[in-house]
Amino acid sequence: MDTQTQAKWDRAAPTFDLMAGKGAEDRWHPFKQELFSNMDGRVLFLALGTGLDIPTFPPGKHITALDISPKMLEVARPRIEAYDGTIEARVLDVHELDYPDDSFDQVFTSCTFCSVPNPVDGLRQLRRVLRPGGDLYMFEHTGSRYYPFKLMMDFMTLLTRRIGPDMNRTTVKNVQAAGFRLREVNNLFLDVVKTIHAVK
Amino acid sequence: MVYAIEVDMDSRIFFVFGDLLANIAAGALAGLLSVLLTATGWNMFLAMLWAMAIGMVVGFVLFFPFGVFFGAMEVMLPVMFTGMMSGMVLGMHKAMHPIGWELAAGYGALVGLGCIVLIWALNALLRGPRSYGAGEGG
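Chains as they are written, first to last, in this note's numbering: chain A, 1 to 200; chain B, 1 to 138.
These aren't lab readings, by the way, just hints derived from the structure by calculation. Note that the Cβ used here is the ideal one computed from N, Cα and C, for glycine as well. Mixed in with the good hints, there may be bad ones.
A short list of chain B residues far from chain A (calculated; beta carbon distances all over 10 Å) [to be verified]:
{"#": "1", "residue": "L20"}
{"#": "2", "residue": "I24"}
{"#": "3", "residue": "G41"}
{"#": "4", "residue": "W42"}
{"#": "5", "residue": "N43"}
{"#": "6", "residue": "A72"}
{"#": "7", "residue": "V75"}
{"#": "8", "residue": "M96"}
{"#": "9", "residue": "P98"}
{"#": "10", "residue": "I99"}
{"#": "11", "residue": "W101"}
{"#": "12", "residue": "G114"}
{"#": "13", "residue": "I119"}
{"#": "14", "residue": "L126"}
{"#": "15", "residue": "S131"}
Derived contacts from chain A toward chain B, CB cut-off under 10 Å, selection only [stated by the list, open to error]:
{"#": "16", "residue": "K22"}
{"#": "17", "residue": "G23"}
{"#": "18", "residue": "R183"}
Ranges of calculated distance between the beta carbons of each label pair, as one might list FRET restraints [said to hold, decoys possible]:
{"#": "19", "chain 1": "A", "residue 1": "M1", "chain 2": "B", "residue 2": "F17", "range": "20 to 28 Å"}
{"#": "20", "chain 1": "B", "residue 1": "L20", "chain 2": "A", "residue 2": "P148", "range": "29 to 37 Å"}
{"#": "21", "chain 1": "B", "residue 1": "Y132", "chain 2": "A", "residue 2": "D84", "range": "52 to 60 Å"}
{"#": "22", "chain 1": "A", "residue 1": "Y99", "chain 2": "B", "residue 2": "F14", "range": "35 to 43 Å"}
{"#": "23", "chain 1": "B", "residue 1": "I13", "chain 2": "A", "residue 2": "T15", "range": "23 to 31 Å"}
{"#": "24", "chain 1": "A", "residue 1": "R162", "chain 2": "B", "residue 2": "H97", "range": "39 to 47 Å"}
{"#": "25", "chain 1": "A", "residue 1": "M1", "chain 2": "B", "residue 2": "L103", "range": "50 to 58 Å"}
{"#": "26", "chain 1": "B", "residue 1": "L103", "chain 2": "A", "residue 2": "A82", "range": "49 to 57 Å"}
Okay, chain A solo, but in the shape it has when bound (with noise of 0.2 Å):
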């Protein structure tokens, strides 16, 4: 268990909703809608955080999540009880992956990769226990490959970093570099916000 990533969560918990719980989530609220809307069979969903994904998960699915910090999935807690299906939340960190391969139909992220430490690692360990063909389905925020916004991402991230995400992550390469196969980026806002779908 990677404990200093455990920790800086831990930390984050108790404050997390006052600046992500209303703004970025109204804003985001339709496009994560829509692509949760996908999930279908055995899903694996993370990170959970404290939940706030909840309410643009489609209703009546069964929906194995994970997260790093127990402190988040406290707070999640009541949000996980109000979810009309089933949430089975677990801790445990991404590049530790303890299911079996091909364990999972469908795996859903969400502001996950801008914050996992080893993201081609752990991008690796979701392909290992997703089935053949499987669906990988990502929200994310990344870096840009545009001036001066690369610049101002690459140093925001040298502040960012010890408390929260970083903002210059190259994720679809890492999704690629993973093995995976993709299938569609969605630009969402500038190239900076997308969902990535790709597969198996």
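We have chain A; now place chain B onto it with these hints.
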């Protein structure tokens, strides 16, 4: 092109209002502080770099109150860009000629308005799906 901008930009009025408010405020404050913290007669290039840094910090700080209500990256990147541009314009102006704080804030607000319109246009160009057919990579 006009059609593409109309259909692609986030047209929910609450967020349009938030974008405008955040960027006008960031532009005004960055312009004001750049003028206050730059002296007439400074080397213009150094004044530009200094004021851009001030503006970027102003944008970063303002992201927190505005971000709570209006979004994450959709607020952070525009207000930092606005702060940088407003600082650049007003810092260079002050290095060449004295300027009053009211005028500096007003010019800064106009820069903020210009920056958010530019970002909306850029967003209209970059937004949207790119398909990879049978799959690429792996």
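Cross-check of the supplied hints:
no. : hint                       : verdict
1   : L20                        : 15 Å, holds
2   : I24                        : 17 Å, holds
3   : G41                        : 28 Å, holds
4   : W42                        : 23 Å, holds
5   : N43                        : 22 Å, holds
6   : A72                        : 4 Å, violated
7   : V75                        : 7 Å, violated
8   : M96                        : 23 Å, holds
9   : P98                        : 28 Å, holds
10  : I99                        : 24 Å, holds
11  : W101                       : 26 Å, holds
12  : G114                       : 15 Å, holds
13  : I119                       : 8 Å, violated
14  : L126                       : 5 Å, violated
15  : S131                       : 5 Å, violated
16  : K22                        : 6 Å, holds
17  : G23                        : 5 Å, holds
18  : R183                       : 6 Å, holds
19  : M1/A x F17/B: 20 to 28 Å   : 44 Å, violated
20  : L20/B x P148/A: 29 to 37 Å : 21 Å, violated
21  : Y132/B x D84/A: 52 to 60 Å : 34 Å, violated
22  : Y99/A x F14/B: 35 to 43 Å  : 41 Å, holds
23  : I13/B x T15/A: 23 to 31 Å  : 29 Å, holds
24  : R162/A x H97/B: 39 to 47 Å : 41 Å, holds
25  : M1/A x L103/B: 50 to 58 Å  : 57 Å, holds
26  : L103/B x A82/A: 49 to 57 Å : 53 Å, holds
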